[in-house]
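S.K.: Protein chains in written order, with our numbering: chain P, 3 to 102; chain R, 3 to 102; chain V, 3 to 102; chain A, 3 to 102; chain F, 3 to 102.
Any given hint might turn out to be false.
Straight-line Cα separation of at most 25 Å, DMTMM-like style, residue types lysine to aspartate or glutamate; simulated pairs [claimed, not checked]:
| # | chain 1 | residue 1 | chain 2 | residue 2 |
| --- | --- | --- | --- | --- |
| 1 | P | Lys25 | R | Asp90 |
| 2 | V | Lys97 | R | Glu34 |
| 3 | F | Lys25 | A | Glu34 |
| 4 | F | Lys97 | A | Glu99 |
| 5 | A | Lys97 | F | Asp90 |
| 6 | V | Lys97 | F | Asp85 |
| 7 | R | Lys97 | V | Asp85 |
| 8 | R | Lys97 | P | Asp85 |
What the hints contain is simulated information worked out from the structure, not anything from laboratory work. Note that the coordinates shown come from a computational prediction; the quantities given were computed from them, not determined experimentally.
Each chain, letter by letter, is given below.
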Amino acid sequence: MQIAKVCGTVVSTHKESSLTGVKFLVLQYVDEQGNLRPEFEVAADSVGAGINEWVLVSRGSAARQSPSSANRPLDALVIGIIDTVSMDTGLLYSKREEEY
Amino acid sequence: MQIAKVCGTVVSTHKESSLTGVKFLVLQYVDEQGNLRPEFEVAADSVGAGINEWVLVSRGSAARQSPSSANRPLDALVIGIIDTVSMDTGLLYSKREEEY
Amino acid sequence: MQIAKVCGTVVSTHKESSLTGVKFLVLQYVDEQGNLRPEFEVAADSVGAGINEWVLVSRGSAARQSPSSANRPLDALVIGIIDTVSMDTGLLYSKREEEY
Amino acid sequence: MQIAKVCGTVVSTHKESSLTGVKFLVLQYVDEQGNLRPEFEVAADSVGAGINEWVLVSRGSAARQSPSSANRPLDALVIGIIDTVSMDTGLLYSKREEEY
Amino acid sequence: MQIAKVCGTVVSTHKESSLTGVKFLVLQYVDEQGNLRPEFEVAADSVGAGINEWVLVSRGSAARQSPSSANRPLDALVIGIIDTVSMDTGLLYSKREEEY
């Protein structure tokens with residue numbers, strides 16, 4: 003999985019029919035120092051994540067292993083809202099402190 | 003999923019037999035500032051996207067989770083035409099304004 | 003899918019038993035200006051592609067969605083010989099003109 | 003598979019329901035000289051790996067081929083704790099020596 | 003598939019139980035000029051490849067399409083020992099000549 007920050011949303015009204023009701027979040031990946039990487043990803047949301055939250059994202063067929071995403075043409079899914087990322091060098095992120 | 007812009011088409015008459023009737027679009031990926039990235043991708047189209055439209059593209063086995071693509075040797079599928087991409091820093095793209 | 007040019011072949015006599023009879027082509031990916039990128043790929047051939055032809059290649063599980071490749075340990079398959087690649091800026095490639 | 007070093011953990015209380023009880027490790031990939039690469043990955047743990055250990059990590063659908071990970075939206079799994087990595091040029095890593 | 007050179011082995015005694023007996027090879031990818039690329043990969047071996055041999059490696063779910071790898075958490079498999087790689091510009095590799 004990758005660590006990413008929710009930084010936007012995508013609206014698409016004309017889409018593959020099984021995607022009705024799916025919320026698309028724009029994510030930016032986070033590097034090992036807590037900075038945003040230039041790449042971004044659009045993922046379906048299974049957990050109700052909001053702007054600026056750090057999340058775990060699964061890609062590939064993993065993105066369809068959830069009741070809300072099964073059998074849909076999705077290749078990325080937000081699977082959890084991150085509380086903390088603890089590295090051997092210290093705390094990289096804490097949702098409570100909202101430092102990032 | 004990735005955000006991409008439709009910038010071309012590929013014609014192949016001599017192809018794997020299950021691909022008869024599939025339309026191949028050339029896509030260029032879009033970066034987080036709305037610029038085109040150098041990489042491109044060829045995707046099957048499930049939504050009738052046209053040149054210059056911004057689209058959502060799914061890759062991998064996700065590309066075969068649609069009635070028009072199931073059981074075909076496809077690894078990329080256009081799954082929706084994008085209306086808007088809204089970032090925390092403002093509107094990145096709006097189909098109506100056709101700024102991009 | 004990716005656009006690639008056939009630039010070689012691989013021979014392997016000692017291989018996984020299900021691969022008997024599979025032809026392995028060496029492909030080089032093509033960038034959006036029609037130049038060869040440094041990366042290359044070895045793909046099984048389902049369409050009888052020849053040296054110097056431009057082809058469409060599918061990767062991942064897509065490579066096994068063809069009668070000749072199903073249930074074999076293949077992750078890349080040539081799925082079509084390209085006639086033309088048309089970009090919004092003009093014709094990138096035409097097999098007939100053999101310019102590339 | 004990739005060789006990686008365990009360098010942290012991720013805690014997520016609000017997550018996809020099938021992920022209850024899954025431990026998330028932050029891994030940093032190791033290059034061919036034994037140095038840490040900048041990219042990192044979050045993987046589920048199937049073997050009880052601890053901080054600073056070198057591990058083998060499988061990605062993609064491989065990550066769900068274990069009783070503890072099947073049918074969960076996981077795309078990376080620690081599948082083994084590494085004892086030694088032996089290269090033709092000598093020993094790159096030995097858990098016993100704990101040089102890295 | 004990718005062309006790679008076998009350059010080492012990984013030993014892991016504490017691993018996911020289905021992996022007992024699997025041999026892990028360290029591979030380095032080869033570029034289009036026959037030089038080793040910096041990236042490396044650990045793959046299971048289905049063909050008895052030895053140090054310094056050039057091999058074909060399949061990644062992703064393809065790595066589990068062999069009797070020895072099915073249903074195991076493996077994402078890379080050596081599927082063949084390469085005899086020759088012939089490019090349009092000449093012979094890149096020949097096992098018999100052992101030039102590389």
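S.K.: With reference to the structure, classify each hint as holding or not holding.
M.R.: Consistency of the hints with the structure:
In summary, the hint linking P:Lys25 to R:Asp90 is supported, as the alpha carbons are separated by about 16 Å, within the 25 Å threshold. Of the supplied pair hints, the one linking V:Lys97 and R:Glu34 is violated, its CA atoms being roughly 35 Å apart against a limit of 25 Å. With a C-alpha separation of about 19 Å, the suggested pairing of F:Lys25 with A:Glu34 holds against the 25 Å cut-off. For the suggested pair F:Lys97 and A:Glu99, the alpha carbons sit about 36 Å apart, so the restraint of at most 25 Å is broken.
For the proposed pair A:Lys97 and F:Asp90, the alpha carbon gap of about 46 Å is over 25 Å, so the pair is violated. With a C-alpha separation of about 31 Å, the suggested pair V:Lys97 and F:Asp85 falls outside the 25 Å cut-off, and the hint is violated. Taken as a hint, the R:Lys97 and V:Asp85 pair is broken in the structure, with Cα atoms around 31 Å apart against an allowance of 25 Å. Among the hinted pairs, R:Lys97 with P:Asp85 is inconsistent with the structure: their alpha-carbon atoms are about 36 Å apart, more than 25 Å.
When held up to the earlier numbered hints, the structure conflicts with 2, 4, 5, 6, 7, 8 and fits the remainder.
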